[in-house]
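Asks: Protein chains in written order, with my numbering: chain P, 3 to 400; chain X, -12 to 116.
Keep in mind the hints are simulated off the structure, nothing from the lab. Hints may be right or wrong, so weigh each one.
[Said to hold, decoys possible] Away from chain X, derived, C-beta distances all over 10 angstroms, residues of chain P: (1) 64; (2) 246; (3) 260; (4) 328; (5) 394.
[What the hints assert, rightly or not] The calculated lysine-lysine pairs, modelled on DSS-like cross-linking and capped at a C-alpha distance of 27 angstroms, are: (6) P:357 - X:92; (7) X:92 - X:32; (8) X:32 - X:4; (9) P:45 - P:199; (10) X:32 - P:356; (11) X:-2 - P:356; (12) X:-2 - P:45; (13) X:108 - P:45; (14) X:76 - X:32; (15) P:45 - X:32; (16) P:45 - P:250; (17) P:356 - P:150; (18) P:199 - P:189; (19) P:385 - X:32; (20) P:357 - P:199; (21) X:76 - P:357.
Note that the Cβ used here is the ideal one computed from N, Cα and C, for glycine as well.
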Amino acid sequence: MSFIIPAAQPLLLIEENLPAVEAPTPTVRKTALNPVHRQMGAKMVEFNGWDMPVEYPSAGGIIAEHNAVRNGVGIFDVSHMGDIRLAGPGALAAVQHISMNDASRLAIGQAQYSALLYPQGTFVDDVIVHRLGENEYLLVINAGTREKDFNWVRDNTHDFDCRVENLSDDFTQIAIQGPKGVNLLQKLTDATLSAVKFYWVTRGTVCGLKNILIARTGYTAEDGFEIYVPADEATSAMVWNNVLEAGKEFGVVPCGLGARNTLRLEGKLPLYGHEISDAINVWEAGLDRFCKMEKPEFVGRDALEKAKVSGVKRLLVGVEMMERGIARDGYRVLDNGGREIGYVTSGSYAPFLKKNIALAYVPIEFANLGTEIKIEIRGQGVKAQVVPTPFYKRPKKQ
Amino acid sequence: MSYPTDYKYTKEHEWIKADGKNATIGITVYAQESLGDIVFVELPKVGSEITAGKTFGTVESVKAVSDLFAPASGTVTEVNGELATAPEKINQDAHSAWLIKVALKDPGELNALLAAADYEKFVAEEAGH
Chain P
3 MSFIIPAAQP LLLIEENLPA VEAPTPTVRK TALNPVHRQM GAKMVEFNGW DMPVEYPSAG
63 GIIAEHNAVR NGVGIFDVSH MGDIRLAGPG ALAAVQHISM NDASRLAIGQ AQYSALLYPQ
123 GTFVDDVIVH RLGENEYLLV INAGTREKDF NWVRDNTHDF DCRVENLSDD FTQIAIQGPK
183 GVNLLQKLTD ATLSAVKFYW VTRGTVCGLK NILIARTGYT AEDGFEIYVP ADEATSAMVW
243 NNVLEAGKEF GVVPCGLGAR NTLRLEGKLP LYGHEISDAI NVWEAGLDRF CKMEKPEFVG
303 RDALEKAKVS GVKRLLVGVE MMERGIARDG YRVLDNGGRE IGYVTSGSYA PFLKKNIALA
363 YVPIEFANLG TEIKIEIRGQ GVKAQVVPTP FYKRPKKQ
Chain X
-12 MSYPTDYKYT KEHEWIKADG KNATIGITVY AQESLGDIVF VELPKVGSEI TAGKTFGTVE
48 SVKAVSDLFA PASGTVTEVN GELATAPEKI NQDAHSAWLI KVALKDPGEL NALLAAADYE
108 KFVAEEAGH
C-alpha cells in the first residue's frame, strides 16, 4: 500500500496516529460501551469507521494509561474487533486452508497467532485462531477488515464441511492487560486463571454471567486476558464497571486506542494497514515463525515458496532515533546520502522506554542491527539506527 | 478555564503577551488538552524571523503532530530551552510554559487577534461539535 506523508497540521487539526484502513463507512459505528466512555470523559476519535476512545484524560492520558499496563493493569474496550466462528466436521481443514499457522497443533482451549493470506502471499489480515471445541474454531479479526475478512473466509471455505458465522456483533470484548490483570480478573470469576497459560482459553462465570469465554491473549506485549461478554449495553456496562471497581486496589485505569497503539508498537506487534497489508508478504513482515511451510497447502503458500527462492528484497526493522525527532507513520527512510530507501509503518514516542521508536521497511542491505539510516522529518534527514526488536519484552515470571 | 485577559489569542490556539515591542508566545490550555501528552517541541533559533500567520515550529504529542503558527511577526530573542527536555511543562501549565520570546515588528498586529473572552467563546464552539 502507499502511504500519504502526513504533513504537520495547524494545532488541533490533528494528524491522528491511527489512520483508517478502509474508506470510512458512512455511518460511524459504536460499541455497546460507547455511552460509558463518553460518561467517563474519554476523548473520542473515529477509527476504521468506529467511534472509539483514544484516551481518558481522567486516567491521566496516553502515557499514564500505557505505564499502568506495563506496571499494573489497564482495561480496553476492544469490541470493534470482529469474530468469525467455523464449526463442523470440516472446520479444521477449512482453517488449515485459509490460515498460515498450523491449527492442527491446537489442543481444545488453545489459541495461536496466524494470518489469512491472499494467493500472492500478502495479508488479508492477521488473526488469533482459538480452538474452542473438537470441531469449533473462533477467528478474532481486526475492526477495519471485518467485512472483508468475513467475505474472504466464507468465499474460501465453500468446499469444506463447516458453518461459517460472523459473530462480530455478538460480543463486547474487554481486554484486561498488565501484570496485575490476573489478580483483577480472578476476583470476578470462578475459573482458575493460574491454570490458563498464555494463548489458552477457558470458560467461566464472570460477574455472575455464566459460560463466558476468557482468553489469555492481548495486544499489549504484556500478560493479560480478553473476555467476551454479551453485547447488550446494560450487561457490557455492568461488566466494565465491575472490572474497574475490582481493579481499584491494583490501580486499574481505562485505556484508549492511543495507549493500545504505543503498547503494541513497543512489543512490535503488527497493525493491519501499517506493518502488514495486501502489498506486504509474510517474509517481509518477519512473521516467519507463524507461517508453517511444512503444511502441504494453504492460500498463499505457493507464492511464499517462490518469494523465498527469489529472495526477500525488503524487511521490517526496528528503528530508534539517535537525534531529536519522532518518526511518524508514512515518513520516508533515507540512507546516509539522503536517498530514499524505505518508509516508516509506525512511529511514536515510546512511553515506557522513553525513546522515540519506529518500525520501517528498508532494503535487506540496510536491515542489519546497528545500520545508520535517516528519517525524513519535515524535510530534514534525522539520524536513526536499526535496533533489535521487540523494543520491549515483558520480564519472565519465575 | 480562565484565559489571562492580558494575553491575545489566535484561532490556531497560540497565545501572545506583549509588553511594548517585546512579546512572549505559547500555546493555550485548550490546545494542550486537545493534544494530550506533549513529548516533543521544535522551535526556531534565536535571531530567526517569524511571520504572522506562518509556521514557526512544531509541537508533538504521543498521537499528533501540529504546526505552530506565529501570532505576529518579529525576531526571536529567546527560546525556552527547558522544553527540549521537559515538554510536559506545557501540559502542566500552558499559559506560563512559553515557547519563544520575540521583538515585534509591529505591535499593532496584535489588534487583529482575539481577546480572552472571544477566544473562550471560540473554543467553546469548537469543543461543542
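Asks: With reference to the structure, classify each hint as holding or not holding.
Replies: Here is how each hint holds up against the structure:
Distance check on residue 64 (chain P): its Cβ comes as close as 4 angstroms (rounded) to a Cβ of chain X, failing to clear the 10 angstroms threshold; non-interface status is violated. With a least beta-carbon separation of about 21 angstroms from chain X, residue 246 (chain P) lies farther than 10 angstroms from that chain, consistent with its non-interface assignment. At roughly 5 angstroms from the closest C-beta of chain X, the C-beta of residue 260 (chain P) falls inside 10 angstroms, breaking its exclusion from the interface. Distance check on residue 328 (chain P): its Cβ comes as close as 5 angstroms (rounded) to a Cβ of chain X, failing to clear the 10 angstroms threshold; non-interface status is violated.
With a least beta-carbon separation of about 15 angstroms from chain X, residue 394 (chain P) lies farther than 10 angstroms from that chain, consistent with its non-interface assignment. Annotation: proposed proximity of residue 357 (chain P) to residue 92 (chain X) is violated, straight-line Cα distance about 39 angstroms (limit 27 angstroms). A threshold of 27 angstroms between alpha carbons decides the hint, and for residue 92 (chain X) with residue 32 (chain X) the separation of about 17 angstroms falls inside it, so the pair holds. Restraint check: the Cα-Cα separation between residue 32 (chain X) and residue 4 (chain X) comes to about 20 angstroms, which is no more than 27 angstroms; the hinted pair holds.
Only pairs whose Cα atoms come within 27 angstroms are accepted, and residue 45 (chain P) paired with residue 199 (chain P) is rejected, the gap being roughly 34 angstroms. Using a Cα cut-off of 27 angstroms, the hinted pair residue 32 (chain X) and residue 356 (chain P) holds, with the two alpha carbons roughly 26 angstroms apart. The hinted pair formed by residue -2 (chain X) and residue 356 (chain P) fails the criterion: a straight-line CA distance of about 32 angstroms is larger than 27 angstroms. Using a Cα cut-off of 27 angstroms, the hinted pair residue -2 (chain X) and residue 45 (chain P) holds, with the two alpha carbons roughly 21 angstroms apart.
This hinted pair checks out: residue 108 (chain X) and residue 45 (chain P) have alpha carbons roughly 21 angstroms apart, not beyond 27 angstroms. Restraint check for residue 76 (chain X) and residue 32 (chain X): the C-alpha separation of about 20 angstroms stays at or below 27 angstroms, so the hint holds. The suggested pairing of residue 45 (chain P) with residue 32 (chain X) is violated, with an alpha-carbon distance near 34 angstroms, which exceeds 27 angstroms. For the proposed pair residue 45 (chain P) and residue 250 (chain P), the alpha carbon gap of about 22 angstroms is at most 27 angstroms, so the pair holds.
For a cut-off of 27 angstroms, the pair hint linking residue 356 (chain P) to residue 150 (chain P) is broken: about 37 angstroms separates their Cα positions. Straight-line distance between C-alpha atoms of residue 199 (chain P) and residue 189 (chain P) comes to about 18 angstroms, which keeps the hinted pair within the 27 angstroms bound. As the CA atoms of residue 385 (chain P) and residue 32 (chain X) are separated by approximately 20 angstroms, the hinted pair is consistent with the 27 angstroms bound. Between residue 357 (chain P) and residue 199 (chain P) the CA atoms are separated by roughly 31 angstroms; this puts the pair beyond 27 angstroms, and the hint is violated.
Proximity of residue 76 (chain X) to residue 357 (chain P) is assessed by CA-CA distance (about 18 angstroms); at most 27 angstroms being required, the pair is judged to hold.
The structure fails to meet hints 1, 3, 4, 6, 9, 11, 15, 17, 20 from the earlier list, while all remaining hints are met.
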